[in-house]
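**Q** Could you put the whole structure together from the sequences, leaning on the hints where they help?
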Amino acid sequence: MRAFTYERASSVEAAAKAAASNPEAKFIAGGTNLLDLMKLEIETPTHLIDVNDLGLDKIEPTQEGGLRIGALVRNTDLAAHKTVRRDYGLLSRALLAGASGQLRNKASTAGNLLQRTRCPYFYDTNQPCNKRQPGSGCSAIGGFSRQHAVVGTSEACIATNPSDMAIAMRALDAVVETVKGDGSRRAIPIADFHRLPGDTPYIETVLEAGEIITAVVLPPPIGGRQIYRKVRDRASYAFALVSVGAVIQPNGTGRIAVGGVAHKPWRVEAAEAELPTGVRAATGVLLADARPTEQNRFKVELVERTLAAVISEARG
Amino acid sequence: MQFDTPATTNPIDRLKVVGQPIHRIDGQLKTTGRAMYAYEWNDPNVSYAYGYPVGAAIAKGRIKSMDVSDAKKAPGVLAVVTTLDVGELKKGNFNTAKLFGGDEVQHYHQAIAVVVAETFEQARAAAALVRVDYAEEKGVFDLGKAMDTAVKPEESQEPDTAVGDFDVAFTSAPVTLDETYTTPDQSHCMMEPHASIAAWNGDELTVWTSSQMIDWWRSDLATTLGIDKEKLHLMSPFIGGGFGGKLFLRADAVLAAFGAKEAGRPVKVALPRPLMPNNTTHRPATIQRVRIGADRDGRITAIAHQSWSGDLPGGGPETAVNQTRLLYAGANRMTAMRLAALDLPEGNAMRAPGEAPGLMALEIAIDEMAEKLGMDPVQFRILNDTQVDPENPERPFSQRNLIGCLEVGAERFGWNQRRGPGSRRDGNWLIGVGVAAAFRNNLLVPSGARVRLDREGIVTVETDMTDIGTGSYTIIAQTAAEMLGLPIEKVAVQLGDSRFPVSAGSGGQFGGNCSTAGVYAACVKLREAVAQKLGFNSDDVVFENGQVRSGNRAVLLAEAAGSDGLVGEDTIEWGDLSKTHQQSTFGAHFVEVGVDVATGESRIRRMLAVCAAGRILNPITARSQVIGAMTMGVGGALYEELAVDTRSGFFVNHDLAGYEVPVHADIPRQEVIFMEETDPMSSPMKAKGVGELGLCGVSAAIANAIYNATGIRVRRYPITLDKLIGGLPDVA
Ligand SMILES: Cc1cc2nc3c(=O)[nH]c(=O)nc-3n(C[C@H](O)[C@H](O)[C@H](O)COP(=O)(O)OP(=O)(O)OC[C@H]3O[C@@H](n4cnc5c(N)ncnc54)[C@H](O)[C@@H]3O)c2cc1C
Ligand code: SF4
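Chains as they are written, first to last, in our numbering: chain Z, 1 to 316; chain U, 317 to 1048.
Warning: the hint list may mix true and false statements.
Stated by the list, open to error - Derived DSSO-like pairs (lysine-lysine); straight-line CA-CA distance at most 27 Å:
{"id": "1", "chain 1": "U", "residue 1": "K1039", "chain 2": "U", "residue 2": "K461"}
{"id": "2", "chain 1": "U", "residue 1": "K389", "chain 2": "Z", "residue 2": "K39"}
{"id": "3", "chain 1": "Z", "residue 1": "K39", "chain 2": "Z", "residue 2": "K26"}
{"id": "4", "chain 1": "U", "residue 1": "K380", "chain 2": "U", "residue 2": "K454"}
{"id": "5", "chain 1": "U", "residue 1": "K388", "chain 2": "Z", "residue 2": "K39"}
{"id": "6", "chain 1": "Z", "residue 1": "K58", "chain 2": "Z", "residue 2": "K17"}
To be verified - Here's a subset of chain U near chain Z, in silico, CB distances under 10 Å, partners left out:
{"id": "7", "residue": "A372"}
{"id": "8", "residue": "A373"}
{"id": "9", "residue": "H425"}
{"id": "10", "residue": "N744"}
{"id": "11", "residue": "V913"}
{"id": "12", "residue": "R919"}
{"id": "13", "residue": "S964"}
{"id": "14", "residue": "E976"}
{"id": "15", "residue": "V977"}
{"id": "16", "residue": "D1038"}
{"id": "17", "residue": "K1039"}
{"id": "18", "residue": "G1042"}
{"id": "19", "residue": "D1046"}
To be clear, the hints were calculated from the coordinates, so they are not data collected in a lab.
In this text, a Cβ means the ideal position worked out from N, Cα and C, and glycines have one as well.
**A** This is how it looks when you write it as structure tokens:
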């Protein structure tokens, strides 16, 4: 870990301004991802701006009938929130499928959205990795790639986004609210928030320098059976090989977002339109352009089978 | 004491303390955080400095140069010592890989420098500033591809064995099996990382470390540093797990010693978790071919087990065929081991080396064979039991109750409810049950102890034996208490210090039996000293209730000790009983699994182990050993695998996020039954070991249960869902 300076921001605007003026600054929320990465010098900010004291820890109803979740609401609190459990069960279930109790007590909503990949080569600073060191190459391609993405990949990177929460947010059409360095605000639909790796796998979201997340807004509840199915090697405390977040309506229509397969929460609206036809058809569209490696080819079939199980659970 | 005739009745047989379910005497220290592990030693008068290791970034080659100028200038840095600075060092006896010194890189993350600073954080930051210029060389990293180049290992390993004519018997057998199984490289993943504190005083060195084998470390560290062994004082009173990963000297101790010398201060070094899998040792991967031939009524007529493994040049094979020489009958048999030179990190002992991976293969093969014969796998094993060494029928087992374990286990588990493959279902779960035999040899190693009796009537045991979480403190206290007729509260135990008599140490599941036998021997000496001092005829002396009695005289032990106290010291040494009699431990594992019909995730539902392993010295600590081992077997069956990057030659998933071991949610009900057994051939304690037996066979029982659940036979560990998913029923 490199030496760094530290400040506790006093307002959202001040935090964004400070971050925008210093390209080597980073926000710190729960620190459960950032500090680990700093210890290994995968992240090397020289300045940390603590955003814990900005009053961003509230969950409030919106005028539209949705829910505004402050960026600093802890994963534990969000999962346990009454309205979330009642109206957005998918979100609660996805959160509880992630990490451990201790981590969820610290992990924040914004931090969870911005957590970085778990590609093991990304974590080993001796190894080439385009995401960590642009232009150095991708060790996972042709290497140990069992966990990696099968769809939306590029020649530069095949990493996945490991977040469980983000899968639920994607299925629920959440909107990310931010404040930029110049004080302006914007609302980014979650579909546009995370990027595919392309040639620039180190750019993972559309956030600009210094832009701070203030809240994530959920639209009014959409009902349906809300299921999160996380498939993993061991029963707990492991990242997903594949996960399916689903909201299935009584008439058989629904929304599907899939984790563990891409650089972002993977949702294809055209695939959802195939749901009434059947799981195989829907998966065919969902993973139409899949380019798995030898080691992760199984994920394609696993998505289909997991989706089938989820659909039958929703009907049952 | 020379143990060369079978034990007769002795004071241990009273079983007032030994054999009783006594909670760990060091338990409170551990649960209250007062047990000091290596890195935690803290003398408030000493200002410790912190060393952070640098690991090689290549798997094979040479270091052309190292630039430490930035590291040296970094805040708080006191010293930087590189592998080039110290030059070639002598290698200890027990390591294959060099730990430090010289320009050669033999494996990834080999220690190449230590940076010492005022704080841990400063040392870590500065370590990242060390720049290294390598001349990388091509290496061999893929066991599968290197198989053809594998050679016969040293004769001392008994690489080839043969009895009868296997080929003829196998070819003519009416029912045969010929299958190949693979087990991956596995990492010990003990909770406490390798850690040492080194403090020099002139030419004398004191090291607090985390070692299973004090004397081995002491010799090897002295050799590596080029100092006199007598000048080296080693302490390792508490160890947060080892599983064989701390049998042999590791780089942390060497780096701490060099760092402390250079910095002129005591230095602490712990291996960072991500360095551990590649820097230290691991259980090597194996490729195993098993062939079995039987007649139609199920009697094995031919059995062959061949194993290929790899290691750094100069290393040894994983002895995965050993149990097959002894476990089942059969007149025609052969085993063979072949060793390939690989440039991966050093392969070496991990809990039940040999038997653990060997049984992972053999016990699937036995299950497959039973199925071919249309026999119940429990019955097939019982039918092929042998009470003598099949290679040498003159040589009986000292005790062998595999049949009892299988029968009791089958009864308790409800084995008769087993159905054919793929025929039981519970909601989304395909349910299956599996069985496997457990087998691990009983090894005998000399072990010494010193026992002091003081005027308060307190007995203090001193031995360099270690407690790696197994319960050594407790069973040693029980032994001394039993021998001297005292309650356990009157016994203090001091372990893991090189000033104490050399013991067996903790390894090969021999520690429990051998170290307590050493304490027994020392107590016999102390009893003689007490009797002699009191003028008692030592033949009729009884030690009981804190007193020593002879005829109608009785004296309190405290009184007998007098103001100077009394001391007994001895070492147990072993005669030929292990040659005349095969000494082994046996067990049976029964497992029920559920496999998710859609995803192929396998989850354990219940587990039962039945063990026949001599006298159980303490049913609580023994049970802990067995359930811990069963848990490890779950990891081995279902997910533990060091993923080899065969291009650059290293284990990629080198932390606890990438290398998954079981978590609580993976472990359901575990039951352990110990069969009544005493083995007078094994030691005066009549005990053997259970710590490794508990692991042997578990993974195969799980594999067999998965087969029973799904009808899919996976012969390549770990059995992850990707190996099942293609064969599961349609769910779409
Ligand atoms: C052992 C382990 C297991 C885990 N398992 C899982 C799992 O199974 N599933 C899962 O989904 N996750 C898992 N996680 C990841 C965990 O969910 C994340 O670490 C956590 O959500 C990050 O939140 P944080 O508040 O601690 O973020 P931090 O570490 O504080 O920050 C993460 C990133 O977000 C940025 N950031 C933080 N707040 C803001 C803001 N308001 N505006 C802009 N940028 C911001 C930081 O600059 C940083 O780049 C695991 C983590 C660990 C350590
Ligand atoms: S997959 Fe992405 S993160 Fe992993 S090594 Fe390749 S570039 Fe780096």
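**Q** Does each hint hold? Answer for all of them.
**A** Consistency of the hints with the structure:
1. Our distance criterion of 27 Å between C-alpha atoms is met by K1039 of chain U and K461 of chain U, whose separation comes to about 21 Å.
2. Straight-line distance between C-alpha atoms of K389 of chain U and K39 of chain Z comes to about 20 Å, which keeps the hinted pair within the 27 Å bound.
3. Taken as a hint, the K39 of chain Z and K26 of chain Z pair is honoured in the structure, with Cα atoms around 15 Å apart against an allowance of 27 Å.
4. Distance check on the hinted pair: K380 of chain U and K454 of chain U sit about 16 Å apart at the alpha-carbon level, within 27 Å; holds.
5. With a C-alpha separation of about 20 Å, the suggested pair K388 of chain U and K39 of chain Z falls inside the 27 Å cut-off, and the hint holds.
6. For the proposed pair K58 of chain Z and K17 of chain Z, the alpha carbon gap of about 23 Å is at most 27 Å, so the pair holds.
7. For A372 of chain U, the suggested interface contact is upheld, since its CB lies about 9 Å from the closest CB of chain Z, less than 10 Å.
8. Because the smallest distance between the Cβ of A373 of chain U and any Cβ of chain Z comes to about 4 Å, under 10 Å, the interface hint for this residue holds.
9. Because the closest C-beta pair between H425 of chain U and chain Z is about 9 Å apart, less than 10 Å, the hint holds.
10. Given the 10 Å rule on beta carbons, the hint for N744 of chain U holds: about 7 Å separates it from the nearest Cβ of chain Z.
11. With a least beta-carbon distance of about 8 Å to chain Z, the hint placing V913 of chain U at the interface is held under the 10 Å criterion.
12. Hint on R919 of chain U holds. Least Cβ distance to chain Z is approximately 6 Å, under the 10 Å limit.
13. Given hint, S964 of chain U at the interface with chain Z, holds; its Cβ is 7 Å from that chain's nearest Cβ, closer than 10 Å.
14. Hint on E976 of chain U holds. Least Cβ distance to chain Z is approximately 5 Å, under the 10 Å limit.
15. Hint status for V977 of chain U: holds, given a least beta-carbon distance of 8 Å to chain Z, under 10 Å.
16. Taking 10 Å as the C-beta contact cut-off toward chain Z, the hint placing D1038 of chain U at the interface holds, the least distance being around 4 Å.
17. Here the hint on K1039 of chain U is kept, as its CB sits about 9 Å from the closest CB of chain Z, short of 10 Å.
18. Contact between G1042 of chain U and chain Z, as hinted, is supported at the beta carbon level, the nearest pair being about 7 Å apart and thus within 10 Å.
19. A hinted interface residue such as D1046 of chain U counts as satisfied when its beta carbon comes closer than 10 Å to some beta carbon of chain Z; here the least separation is about 9 Å, so the hint holds.
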